[in-house]
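Asker: Sequence:
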Amino acid sequence: MKTAASVGAQGPNGHTSHINPFSQYLPTGLGAMASAGGQFSMFSARQVFPESSQPARLPAVIQSGNVAADRLLGASGAIASTAISTLNGSAMQPSVIGGSSALQRLSGQSADTATTSIATLHAPNGGATVSRDHIPDLTTSSYSMPSSGSSQTKSDSPSTTLTGALSSGSTSITTDPPPQSRSEHVPIPIKYRPRSSIPSRMPPAVYAQQCVAAAYASRLNPYSLHKKEQEALQDHLCHLHVTVYLNIRNGILRLWTRNPMVSVTKEEALGCTKDYRWVNLATFAYDWLIRNGYINFGCVEIPTALVPPRKGRRKDGPVIVVIGAGVAGLGCARQLEGLFHHYRDADSPPRVIVLEGRRRIGGRIYSHPLRSLESSKLAPGMVPKAEMGAQIIVGFEHGNPLDQIVRGQLALPYHLLRDISTIYDIDGSAVDEARDATAEMLYNDVLDRSGLYRHKSVIVPTAEGDRDLIDNGRDIVTNDGLTVRQYEEARAAGTIGLLFPAKKIRRGVGHKTAEIKPVGVPLAVDSNEENPTKLACQTMGWSLKPGVSETEKVNLDPTAKASRHQTLGAVLDEGVRQYQRMLPLTPKDMRLMNWHMANLEYANAANVGKLSLSGWDQDMGNEFEGEHSQVIGGYQQLPYGLWSLPTKLDVRPNKVVCNIAYDQTGRGKQKAVVQCEDGETFMADKVVFTGSLGVLKYRNIQFSPPLPEWKLGSIDRLGFGVMNKVILVFDEPFWDTERDMFGLLREPQNRDSMRQEDYSAHRGRFYLFWNCMRTTGLPVLIALMAGDAAHQAECTPDAEIIAEVTSQLRNVFKHVAVPDPLETIITRWASDKFTRGSYSFVAAHSLPGDYDLMARSVGNLHFAGEATCGTHPATVHGAYLSGLRAASEIIETTLGPIEVPIPLVPEKGTKVVPAAEFLNTPPTTTAATGRKRKQQHLHPSTTSMIPLPNQQPSNPDNPNPSPESLARAAYDKAMWASIYSELGPPVPRPARTVLNPFLLYQKDVWARCRAQCDEARRAATNDPTAKAARDEIRQALGRMWRQANEAEKRPYLEQIEVNRQTNTSIQEQWRRELTAWEKLAQQVRERWCNDNPFEAWAEREFGVRPGTGHSGGGGDGSGEGGVLLNGLAHASSNGSQDNGHLTPIAAVDTPASASARATVPPADQQQPNGLSHP
1 MKTAASVGAQ GPNGHTSHIN PFSQYLPTGL GAMASAGGQF SMFSARQVFP ESSQPARLPA
61 VIQSGNVAAD RLLGASGAIA STAISTLNGS AMQPSVIGGS SALQRLSGQS ADTATTSIAT
121 LHAPNGGATV SRDHIPDLTT SSYSMPSSGS SQTKSDSPST TLTGALSSGS TSITTDPPPQ
181 SRSEHVPIPI KYRPRSSIPS RMPPAVYAQQ CVAAAYASRL NPYSLHKKEQ EALQDHLCHL
241 HVTVYLNIRN GILRLWTRNP MVSVTKEEAL GCTKDYRWVN LATFAYDWLI RNGYINFGCV
301 EIPTALVPPR KGRRKDGPVI VVIGAGVAGL GCARQLEGLF HHYRDADSPP RVIVLEGRRR
361 IGGRIYSHPL RSLESSKLAP GMVPKAEMGA QIIVGFEHGN PLDQIVRGQL ALPYHLLRDI
421 STIYDIDGSA VDEARDATAE MLYNDVLDRS GLYRHKSVIV PTAEGDRDLI DNGRDIVTND
481 GLTVRQYEEA RAAGTIGLLF PAKKIRRGVG HKTAEIKPVG VPLAVDSNEE NPTKLACQTM
541 GWSLKPGVSE TEKVNLDPTA KASRHQTLGA VLDEGVRQYQ RMLPLTPKDM RLMNWHMANL
601 EYANAANVGK LSLSGWDQDM GNEFEGEHSQ VIGGYQQLPY GLWSLPTKLD VRPNKVVCNI
661 AYDQTGRGKQ KAVVQCEDGE TFMADKVVFT GSLGVLKYRN IQFSPPLPEW KLGSIDRLGF
721 GVMNKVILVF DEPFWDTERD MFGLLREPQN RDSMRQEDYS AHRGRFYLFW NCMRTTGLPV
781 LIALMAGDAA HQAECTPDAE IIAEVTSQLR NVFKHVAVPD PLETIITRWA SDKFTRGSYS
841 FVAAHSLPGD YDLMARSVGN LHFAGEATCG THPATVHGAY LSGLRAASEI IETTLGPIEV
901 PIPLVPEKGT KVVPAAEFLN TPPTTTAATG RKRKQQHLHP STTSMIPLPN QQPSNPDNPN
961 PSPESLARAA YDKAMWASIY SELGPPVPRP ARTVLNPFLL YQKDVWARCR AQCDEARRAA
1021 TNDPTAKAAR DEIRQALGRM WRQANEAEKR PYLEQIEVNR QTNTSIQEQW RRELTAWEKL
1081 AQQVRERWCN DNPFEAWAER EFGVRPGTGH SGGGGDGSGE GGVLLNGLAH ASSNGSQDNG
1141 HLTPIAAVDT PASASARATV PPADQQQPNG LSHP
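Every letter in the sequence shown is one number past the one before it in UniProt numbering, and letter 1033, counting from 1, is 1033.
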């Protein structure tokens, strides 16, 4: 029979070439199948992807600034709202809100009422001011589709909406009343803050449980910092505030996981705080989660940041070239597009170009259309397709990023798989389930014993929060002054008690974080090595042979330790041989155990004899949870969704890269040059290589300069295996269609052999059949070729393979006439020049950390792909995560690290100035220099009560201050300016010397301890160049300190006592100097107040007559009342004066007012020793 995919019909990729409709790969849940009959041939060398009827953007879904309501999880479709708010009886114009940064998120499950994120704008005479605490007349209408005449676009954010309305005079939001006099109204900057994102009607414990679950669903520990978080925050964050940070971070993750259809805005993220002091924590958490791909990833639209236009010629933005349009490349490019939208500046936007050597996208995800039959079981427009490559989603739960993309954003239909239930023996009979279970337990026992020789990875604990508080949604508001670094170092050394003298610990402030045990999966598997053989065998359902001693043990040490690079297969074979001597095993038992070994070879794409004994399962503990599944209609809908949504990526097919010239240092301005086989070159600032490890092994691409030795070493040591498939399409099914798979035992080379070596070559040949009727709609079986059998398929003719697999099926299903297949396809991934195999594995000569070396960038050349993801290798989700990681690296080198504000958490009682993006005006600048003025920070202790220069007044308790109170504030500031000009600022509190003896000890013995740790690391890894991590050295130092005797500790303890006395002396001297300064300040204050009585000063400077509540006339000759000190008016005081309210008048600076605004301190700060305004 002539097959549909004969050898002669195969294309250059090693697989069958074909002509396919482009739209068939697009996600059907988003209407990708709307264009009927849209055919296209293979892409030419310079042809771009054709346009289709696929919508360019995701459906609009409401976002709410008030995300107290749960985020709606929808499959697809558009939801928009027309919100009508009432302002003192005057209805606002309908404002359409939608897209990825709109103001409403709705949920039918939430107990909260949906309200707008921006508080109602209200003023006495219809003027608009923003108030978060007073929302008297806000209502929301029913929700309908947006009208075409809406003025608000989908990409507007809440701050954009408000700012645009204020500046453009839009009727959607009225901000100021018509002028009431010939004195024109001067707008005053409006400050606002987002509405809380914490559901007000939800019990705190329930909200906390959702936040914890969201962290787990994002691959993060809800109770401890990520390693990268700790690196950024350890010198800025108080260890007690780790709990607060984790609550905020988990809350932001909750917003994303509950509705990944729309992006989380910064306003929503800040709404996860409970106090203004935590705003900086929320800002950092939001940026860190975005940059590292924990939120706002995938096929979601990212709102474009508003940037004021820059005069003159704009600079060209950077160019990033991504090589490879598989899931890693497309995921990286899509993430970069989103990050560049989020962090857009006034220069030209960066360009991301994806180069793909094939005429299709998807890489090792390839859904081949089946042409022999049409299916009536699939949704209309779906084309039956069989998976040539990746096929299984290994669980959506516990952090799989494909959950948000496949189920949340693309809404792809999928079929949940059930475990294999039937295995057929070589005679076609079904294996008894009990017999299979005993053989499987024996196989697992040997596999578990091999785990004793696994490389023991060092789990470095990070700072942890208080579990009880996190589980109950509560924060810690106190601050003991210890940073995360100081506390973690003391905890590692066991010297926490020395940091907190008993008399100085505040009541109620405990340090429970030291009692929390690190959360993690143990890396060592318990063994039955010490159990008597009889007991172990009885547990598995086996009985010992007659004459075997009950105390005999399975000893794998001689084999396991025979070589530094021992393989897993050698140890497994030895374990089977030892059990053969003890148990009455039969050839059938041998076939069953070798079937399970074939299944292990399928998971690793290699014979077990090539796997490293110590590292083959180095990703253990990172598995996702939930049932395995297959995408109905083709897995290739995933890469096509990443390419097309929300806007199409710039993908160039048929671009076979042959040379990459890069800057090895990464610090210069030298651009990378990517050259293709067709002669076209691309200049790039950054290059991301996402090709397979097999391509790197074959050296198909030349790198200039050559890759460094450490990179080439990891490429050569890691393995890259092969797994092939045989696709069979029949006219009618003859198997049980209710079962998703069935197994097939294979004969050894010598029939009924008991030698393990005889099973290795053929055990993976058609060992498993997938029933794909649910996903293709046709009677399709896919037979797997694993281990050595996968390599055999590369050189075996199609006819021979098809004849053999058909014969095996006829042997199993004797009761029916098994026909010849209508259509067959055989994959040969090792022959594909764009992959050279299927996926990576840990080979015998691999070293711990090789996956990390694969991921490390070299200058401006970055790497992604499943072989660079050590936590999830050989998987689609691992490839996608590697793309997110590469995008994070590029954004880090392009924009720099996330800036951590200082202080990160202001002291309690300090007025927190909102970030610039929460003002509708640019940041204030000094008159002298024009540079941005940073917020000043108060001195600690007593000096924190003394106002400092350049601080702005803030009194949120009085949102509408009177002219007299404004003048009083300016008077106080002028008084303090005079005091500072004569006496200078008070003496700042001196820093304390170290009081931890361990830190002194660490300084002395660090070098010696590091050398010892390096030696231990090299001995454990067999790597002469290995070095111990910094945290390993710290832990070793802690053990050395705890084990040191009293004589060794005495010098350090004595030095600490000296330091404590020195600190006391210095603090007493500081207090004396501060008291003397305060006495002099009191004298200057009295003299200045006598020379400048408040009533005369206010009349002269402001035209305000104290006690009248009105402005005086002629203060500056304007003829329209007094002059208001520009900048002293409260942010929400832009109403008109009527019945006691302030009348807005022209803001004209006088010399005195300009000087006061630039130098004087705030008036609402408490003064030391009774100092206050007269």
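It is worth saying that the hints were derived from the structure and are not from the lab.
Be a bit skeptical, because a hint or two may be false.
No farther apart than 25 Å at their CA atoms in a straight line, the calculated lysine to aspartate or glutamate pairs in the DMTMM-like style are these [said to hold, decoys possible]:
(1) K227 - E550
(2) K227 - D716
(3) K534 - E440
(4) K1027 - D820
(5) K908 - D316
(6) K227 - E623
(7) K648 - D347
(8) K456 - E231
(9) K561 - D663
(10) K315 - D663
(11) K456 - E889
(12) K671 - D345
(13) K588 - E732
(14) K227 - E1095
(15) K711 - E889
(16) K315 - D852
(17) K1079 - E1068
(18) K456 - E625
(19) K697 - D788
(20) K1049 - D1031
(21) K814 - E889
(22) K561 - D445
(23) K1027 - D1014
(24) K697 - E757
(25) K669 - E1068
(26) K833 - D1031
(27) K833 - D716
(28) K908 - D235
(29) K1003 - E1015
(30) K648 - D316
(31) K227 - E397
(32) K669 - E889
(33) K315 - E889
(34) K814 - E794
(35) K315 - D345
(36) K377 - E892
(37) K697 - D445
(38) K534 - E550
Asker: So, for every hint listed, does it hold in this structure?
Answerer: Hints versus structure:
For the hint pairing K227 with E550, the CA-to-CA distance comes to about 49 Å; that exceeds 25 Å, so the pair is violated. Between K227 and D716, the direct Cα distance comes to roughly 29 Å. Violation of the 25 Å bound is thereby established for this hinted pair. For the hint linking K534 to E440, the alpha-carbon distance of about 18 Å falls within 25 Å, and the restraint holds. For a cut-off of 25 Å, the pair hint linking K1027 to D820 is broken: about 60 Å separates their Cα positions.
Proposed proximity of K908 and D316 is contradicted: the alpha carbons are some 45 Å apart, above 25 Å. For the hint pairing K227 with E623, the CA-to-CA distance comes to about 20 Å; that is within 25 Å, so the pair holds. Of the pairs offered as hints, the one joining K648 and D347 holds, with about 22 Å between alpha carbons and a cut-off of 25 Å not exceeded. Straight-line distance between C-alpha atoms of K456 and E231 comes to about 24 Å, which keeps the hinted pair within the 25 Å bound.
The straight-line distance between the Cα atoms of K561 and D663 is roughly 43 Å, outside the 25 Å bound, and the hint therefore fails. For a cut-off of 25 Å, the pair hint linking K315 to D663 stands: about 22 Å separates their Cα positions. Between K456 and E889, the direct Cα distance comes to roughly 28 Å. Violation of the 25 Å bound is thereby established for this hinted pair. Of the pairs offered as hints, the one joining K671 and D345 holds, with about 21 Å between alpha carbons and a cut-off of 25 Å not exceeded.
Between the alpha carbons of K588 and E732 the distance comes to roughly 32 Å, so the proposed pair goes past 25 Å and is violated. The suggested pairing of K227 with E1095 is violated, with an alpha-carbon distance near 60 Å, which exceeds 25 Å. As the CA atoms of K711 and E889 are separated by approximately 17 Å, the hinted pair is consistent with the 25 Å bound. A threshold of 25 Å between alpha carbons decides the hint, and for K315 with D852 the separation of about 35 Å lies outside it, so the pair is violated.
Using a Cα cut-off of 25 Å, the hinted pair K1079 and E1068 holds, with the two alpha carbons roughly 17 Å apart. Among the hinted pairs, K456 with E625 is consistent with the structure: their alpha-carbon atoms are about 24 Å apart, no more than 25 Å. The suggested pairing of K697 with D788 holds, with an alpha-carbon distance near 20 Å, which does not exceed 25 Å. A distance of roughly 22 Å separates the Cα atoms of K1049 and D1031; the hinted pair therefore holds under the 25 Å criterion.
Distance hint between K814 and E889 is unfulfilled; the C-alpha atoms sit about 58 Å from each other, more than 25 Å. With a C-alpha separation of about 19 Å, the suggested pair K561 and D445 falls inside the 25 Å cut-off, and the hint holds. With a C-alpha separation of about 5 Å, the suggested pair K1027 and D1014 falls inside the 25 Å cut-off, and the hint holds. Straight-line distance between C-alpha atoms of K697 and E757 comes to about 29 Å, which puts the hinted pair past the 25 Å bound.
Note on K669 and E1068: the hinted pairing is violated, with a Cα-Cα distance of about 54 Å set against a maximum of 25 Å. Taking the CA atoms of K833 and D1031, the gap is near 43 Å; set against the 25 Å cutoff, the hint is violated. Straight-line distance between C-alpha atoms of K833 and D716 comes to about 18 Å, which keeps the hinted pair within the 25 Å bound. Annotation: proposed proximity of K908 to D235 holds, straight-line Cα distance about 19 Å (limit 25 Å).
Among the hinted pairs, K1003 with E1015 is consistent with the structure: their alpha-carbon atoms are about 20 Å apart, no more than 25 Å. Taking the CA atoms of K648 and D316, the gap is about 21 Å. The hint holds against a cut of 25 Å. Taken as a hint, the K227 and E397 pair is honoured in the structure, with Cα atoms around 22 Å apart against an allowance of 25 Å. Between K669 and E889 the CA atoms are separated by roughly 18 Å; this keeps the pair inside 25 Å, and the hint holds.
Proximity of K315 to E889 is assessed by CA-CA distance (about 22 Å); at most 25 Å being required, the pair is judged to hold. With a CA separation close to 30 Å, the supplied pair K814 and E794 exceeds the 25 Å bound. Between K315 and D345 the alpha-carbon distance is near 10 Å, which keeps this suggested pair within the 25 Å criterion. With a CA separation close to 48 Å, the supplied pair K377 and E892 exceeds the 25 Å bound.
At most 25 Å may separate the alpha-carbon atoms for a hinted pair to count; K697 and D445 exceed this at roughly 35 Å. Taken as a hint, the K534 and E550 pair is honoured in the structure, with Cα atoms around 5 Å apart against an allowance of 25 Å.
Hints 1, 2, 4, 5, 9, 11, 13, 14, 16, 21, 24, 25, 26, 34, 36, 37 from the earlier list are contradicted by this structure; the remaining hints agree with it.
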